[in-house]
Amino acid sequence: MSLAIAGMGWATPLGRGVDSVWEQLLHGDEASATAISEEFGHQPYNVFRVPESALTGLAHPRLRRASVISRFAAAAGLDALRAAGVKLDPQNAERTALIFAISNGGVIYTKRFYRDVVDAGAQSASPLLFPETVFNAPASHLAAILGVTGATYTLVGDGAVGLAAIKMADDLMANEPLDHCLVVGTEEVDWLSCDAYRRWRLLRLAPPIEPFNEQRRGMILSEGAGAIVLARDGTFTIECAHPGGHFTKRAEAEEILKRILRDLCQSEIDLVISSANGTFVDQAEYRALQAIVPNAFVYTVKPALGESVGAAGLWHVIVAAQALRSAELPPVLHADPAIGLRLSLSRTSVAGARRAIVLSCGVNQQAAGLRLAIR
Amino acid sequence: MAKPSSPNQKKVGARVAVVAAGVVSPLGFGLAETLESLRKARDCVSPVTRFSVGQCRCKTAGQVPDDRLLAGQGEGIRGHRLHRASHMMIQALKEVVTQEPQFKPELAVIGTTSGGMSYGEHYYRSLRQAEELRHAPTWIANYPAQKPVIDAQEAFGFFAPCQVIANACASGTNAIGHAFECVRSGRYQRVLAGGYDALAEMVFVGFDSLQASTPEKCRPFDRHRTGMVLGEGAAILALENLELAQKRGAPVLAEIIGYGISTDNFHITQPEPSGVGPRQAMERALQSADISAGEVDYINAHGTATVFNDAAEGKAISTIFDGVPVSSTKSMMGHSLGAAGAVEAIVCLLALQHQFLPPNINFQALDDGLELNVVANEAQPALLSMALSNSFGFGGTNASILMRKFEV
Numbered sequence: 001m002s003l004a005i006a007g008m009g010w011a012t013p014l015g016r017g018v019d020s021v022w023e024q025l026l027h028g029d030e031a032s033a034t035a036i037s038e039e040f041g042h043q044p045y046n047v048f049r050v051p052e053s054a055l056t057g058l059a060h061p062r063l064r065r066a067s068v069i070s071r072f073a074a075a076a077g078l079d080a081l082r083a084a085g086v087k088l089d090p091q092n093a094e095r096t097a098l099i100f101a102i103s104n105g106g107v108i109y110t111k112r113f114y115r116d117v118v119d120a121g122a123q124s125a126s127p128l129l130f131p132e133t134v135f136n137a138p139a140s141h142l143a144a145i146l147g148v149t150g151a152t153y154t155l156v157g158d159g160a161v162g163l164a165a166i167k168m169a170d171d172l173m174a175n176e177p178l179d180h181c182l183v184v185g186t187e188e189v190d191w192l193s194c195d196a197y198r199r200w201r202l203l204r205l206a207p208p209i210e211p212f213n214e215q216r217r218g219m220i221l222s223e224g225a226g227a228i229v230l231a232r233d234g235t236f237t238i239e240c241a242h243p244g245g246h247f248t249k250r251a252e253a254e255e256i257l258k259r260i261l262r263d264l265c266q267s268e269i270d271l272v273i274s275s276a277n278g279t280f281v282d283q284a285e286y287r288a289l290q291a292i293v294p295n296a297f298v299y300t301v302k303p304a305l306g307e308s309v310g311a312a313g314l315w316h317v318i319v320a321a322q323a324l325r326s327a328e329l330p331p332v333l334h335a336d337p338a339i340g341l342r343l344s345l346s347r348t349s350v351a352g353a354r355r356a357i358v359l360s361c362g363v364n365q366q367a368a369g370l371r372l373a374i375r
Numbered sequence: 001m002a003k004p005s006s007p008n009q010k011k012v013g014a015r016v017a018v019v020a021a022g023v024v025s026p027l028g029f030g031l032a033e034t035l036e037s038l039r040k041a042r043d044c045v046s047p048v049t050r051f052s053v054g055q056c057r058c059k060t061a062g063q064v065p066d067d068r069l070l071a072g073q074g075e076g077i078r079g080h081r082l083h084r085a086s087h088m089m090i091q092a093l094k095e096v097v098t099q100e101p102q103f104k105p106e107l108a109v110i111g112t113t114s115g116g117m118s119y120g121e122h123y124y125r126s127l128r129q130a131e132e133l134r135h136a137p138t139w140i141a142n143y144p145a146q147k148p149v150i151d152a153q154e155a156f157g158f159f160a161p162c163q164v165i166a167n168a169c170a171s172g173t174n175a176i177g178h179a180f181e182c183v184r185s186g187r188y189q190r191v192l193a194g195g196y197d198a199l200a201e202m203v204f205v206g207f208d209s210l211q212a213s214t215p216e217k218c219r220p221f222d223r224h225r226t227g228m229v230l231g232e233g234a235a236i237l238a239l240e241n242l243e244l245a246q247k248r249g250a251p252v253l254a255e256i257i258g259y260g261i262s263t264d265n266f267h268i269t270q271p272e273p274s275g276v277g278p279r280q281a282m283e284r285a286l287q288s289a290d291i292s293a294g295e296v297d298y299i300n301a302h303g304t305a306t307v308f309n310d311a312a313e314g315k316a317i318s319t320i321f322d323g324v325p326v327s328s329t330k331s332m333m334g335h336s337l338g339a340a341g342a343v344e345a346i347v348c349l350l351a352l353q354h355q356f357l358p359p360n361i362n363f364q365a366l367d368d369g370l371e372l373n374v375v376a377n378e379a380q381p382a383l384l385s386m387a388l389s390n391s392f393g394f395g396g397t398n399a400s401i402l403m404r405k406f407e408v
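From first to last, the protein sequence lines stand for chains W and U.
With our numbering applied, the first sequence covers 1 to 375.
With our numbering applied, the second sequence covers 1 to 408.
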């Protein structure tokens, strides 16, 4: 059974709205970095933040105390449903599933909650903050806003979790009498998450992200959300959602990616949306792409929008759908032209392109992929 | 009682067998120790030793002893660096592999709420208090929620894709339920399902701040209940297409026959008081299994012993069922959050295999507002064919699974 995308929503450091963000990407725009610091940390970090203007119109009481991760998710999720023309009532709310993809989760409130505990003891712990630290808080808020009474799941993982969530939606829609499945990937950034990735030698202090560069200078974290409404019918068909796999050593990532690509290459592939982000992921993807789909156009959105981890997989799918719809690829920013892949180094026509592979290789041992086609 | 009416029809699909199971919890290491603790109604809650609880109201939890847990050091895979959660998952999977060495999973669906949280705490404290950060890369690498699932698989040479479900306290039951549906649909033949969580200061303090945890004994459904105690553990069930399992001569421990999930949108930490969310989850599990409420012989309740949960769950149970024996085994071992649903599925499995009702300890008198047949304080022999297990969580997630004794 194939699955269709009926609507999409996007909240990014380049603003909100699929068409608006896509236009900016086609023009070669990239997000502006913001420096963030921490009172006990010596090192400031640069991140790509979502502008406050992108979060207007989210007045629901459940979002009043919620962290930005929930607000990003609500913005993208509501936009996706609107684009799909889906309005939930008590009947179809039961026949709509909600699946969230998250990696670091509500790190801002988690840090704030635990800071009070460390600084002033357990008696200072806030009962208002604690529920917002739970991984499924953003899903709970959106379910309440929408009135979803059926299945709600939050999946946790690395940058591949977004595609794992789509795979889960694929399995759910095969089993359940569901009309729609809203899949949302969302992430927020904090100094603490930057510092953690930096200590793991995956983050660089300031842009740019240089994709596929052998030097592996690192990624820049970003925040935001992406959402897609899956239905039985729509312009884009997810022909195959690959279950993916995991690697125990970074050196094994290439083999996993090759296997995913091989499995997805049963039809002719016109373009690949890669997850290259300036880390070890790039060389693994580079070698896998060279070996399996050397002739496909390759694009990565991360130099323009940053690494949004839990949201990244959904962003890749939106990019793939927009590329197939507009028959164009934006320029891959900050890439070396000598790289031996068919990168879209400038705004590139992909007229006639029918199929794209979306890859997501995370930095915490997970990888996944899917094949998307336009009708 | 009549079957609940619903537009949902019986879902035709493959029968789903549990062919192996493994567990680590305060009740013990493995099925045999767990069975013994259940039969003897052991209170396995003890004073917290992992971190300071001096400022907390609650000072006890169900804990897995480190001396046994860390004895194997993760079967040699960088064992000293792994989080306790990984060690628990490795122990649980070891028991599965020992029982069923031929089982090769295509997918692992595992629930958790907090992953390697205590490593996140070490990292934050060290930063905040300008302490030694030499081990920070290890803490960071072992913090992600998927890591214990990957570690456990690595220890036994498995490479199944992981779906890590974080639906708060319903995670473990959601994981088993989703895995069950994956096998029933025919999309997968063999799936590992379960849950894990290790005790963490932040989570402990969080529940304490909500005054959800108790300074007293955990007394589910009791008139004098004052709250929950936390616990920890890991449990894994190997699910397989029954026909294929029988063809290859695998032992069938039980069948999973139904799964129900619902979301109530009342409050992020409290259930809707009428119990509509739990009721929908249980009704959907019955519909999914195509059985009537009267066919259920035992209910392992979510039963946290908080005022709100037990009232809502109790109402929901008595709306659907008529006098079915109910117990919350959290009274014995605490609430292990993401592991709870998986550990309690194993409690149901043992109850079906060994034909007894697991006890609800520390019980004195039933809450006046509830009409429940609580299995008070001692395990009881019983003829059981069908067991229901409930798990409900923050965010209004509710999940129920139905398990059946396997008859050839």
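Derived by calculation from the structure, the hints in this document are not laboratory data.
Everything numeric in this text was worked out from a predicted model, so none of it was measured.
Please note that a few of the clues may not be correct.
Chain U stretches covered by chain W per the calculated footprint, using a threshold of three residues with CB under 8 Å from any CB of chain W [stated by the list, open to error]:
(1) 122-134
(2) 227-236
Derived DSS-like pairs (lysine-lysine); straight-line CA-CA distance at most 30 Å [what the hints assert, rightly or not]:
(3) K59/U x K405/U
(4) K258/W x K104/U
(5) K249/W x K104/U
(6) K94/U x K104/U
(7) K249/W x K94/U
(8) K104/U x K405/U
(9) K94/U x K40/U
Not the full set, but computed from the structure, chain W residues with beta-carbon under 7 Å of chain U [said to hold, decoys possible]:
(10) Q43
(11) A83
(12) G85
(13) D116
(14) P131
(15) M173
(16) C240
(17) F280
From the three backbone atoms N, C-alpha and C, an ideal C-beta is built for every residue, glycine too.
Status of each hint after checking the structure:
1. 122-134: holds (count 8)
2. 227-236: This one is violated; 0 residues, fewer than the three required, reach chain W with a Cβ under 8 Å.
3. K59/U x K405/U: violated, 38 Å
4. K258/W x K104/U: Roughly 22 Å separates the two Cα atoms, so the pair holds.
5. K249/W x K104/U: With a Cα-Cα distance of about 21 Å, the restraint between K249/W and K104/U holds, given a limit of 30 Å.
6. K94/U x K104/U: Given pair K94/U, K104/U holds - Cα atoms ~13 Å apart, limit 30 Å.
7. K249/W x K94/U: holds, 22 Å
8. K104/U x K405/U: Roughly 24 Å separates the two Cα atoms, so the pair holds.
9. K94/U x K40/U: holds, 25 Å
10. Q43: violated, 11 Å
11. A83: violated, 23 Å
12. G85: With a closest approach of 23 Å, the G85/W hint is violated.
13. D116: The hint is violated - D116/W has no Cβ within 7 Å of chain U, the shortest such distance being about 9 Å.
14. P131: OK, holds: P131/W within 7 Å of chain U, min 5 Å.
15. M173: violated, 10 Å
16. C240: At 13 Å from the nearest chain U Cβ, C240/W fails the 7 Å test, so the hint is violated.
17. F280: Since the shortest Cβ distance to chain U is 13 Å, the answer is violated.
Hint violations for this structure: numbers 2, 3, 10, 11, 12, 13, 15, 16, 17, all remaining hints satisfied.
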